[in-house]
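Work out the full structure, taking the sequences as your base and the hints as a guide.
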Amino acid sequence: MDVIDLKSREVFSYEGRGVASLVDEPNLKIRQVGLEPGKEVPVHMADAPVTVQVVRGEGVFSAGGESVRMGPGKLLRIPKGAQMGIRNESMEPLVFLVIKTPLADEPERDSVLATKPGTFVNLIDFAPPKPGKEETFREWFHNSSQVFAKHPGFISRTLLGPIDGGSRYAAVVEHESKETFMDMHLSDDREELFLQVEPLVLGSSTPHFYETLLSYRK
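Residue numbering for the sequence shown follows the working numbering, beginning at 1250 and increasing consecutively.
Keep in mind that a hint or two might mislead.
Think about it this way: if two alpha-carbon atoms lie no more than 30 angstroms apart in a straight line, the pair counts; the simulated DSSO-like pairs of lysine-lysine are [as the list claims (entries may be wrong)]:
id, residue 1, residue 2
1, K1278, K1399
2, K1399, K1329
3, K1427, K1323
These are calculated hints, taken from the structure and not from any lab test.
Below, the structure written as structure tokens:
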């Protein structure tokens, strides 16, 4: 028996949004999402059948071009492939469960998804490391990548270094989908790790988001 205290797993850590992974099994994934008033989960494609249940508060849930305002006591079922999004238009926090049930007959996804169209790519343009902090910065990238690799949907994270006298670093992060990337992006891990790197660089880092269209590798 496994009892999960939902109240203790509420997260609002990143700009009023947060995600806690409660169950992560091959055919069952449950995440608890918290949204402060005015916050939202951007529209994205459901990569598996999804059931949404509100724990507390009230939100506007959209799927397949339709929207419904929903509070506790109801379930919303969303088919795989539907475009879905959530907004908290109320004055109170919204907490809800996202229950995914990947189809049992779906083949296991290989980690070599970088060659597949639709892969979500985040290109991070880091500010230059502070003098004497380059080795510490590289060590931070190595350690943080090991943490991020444990998140569902992670494919790869690559650090690019400067050449010809340059000073800026860049990183290429690949995820199976925008949804899995957002789960990682709103996690406690991401907030804590990027707070650690702030003292190591001269300024803010700039993210750029892309979708893989074609990829050829020898």
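Checklist entry - Has the given pair, K1427 with K1323, been kept, meaning a C-alpha gap of at most 30 angstroms? => result holds (26 angstroms)
Checklist entry - Given the hint that K1399 pairs with K1329, does the C-alpha gap stay at or below 30 angstroms? => result Given pair K1399, K1329 holds - Cα atoms ~24 angstroms apart, limit 30 angstroms.
Checklist entry - Do the alpha carbons of K1278 and K1399 lie within 30 angstroms of each other, as the hint requires? => result holds (14 angstroms)
The structure fails none of the hints (numbered hints given earlier).
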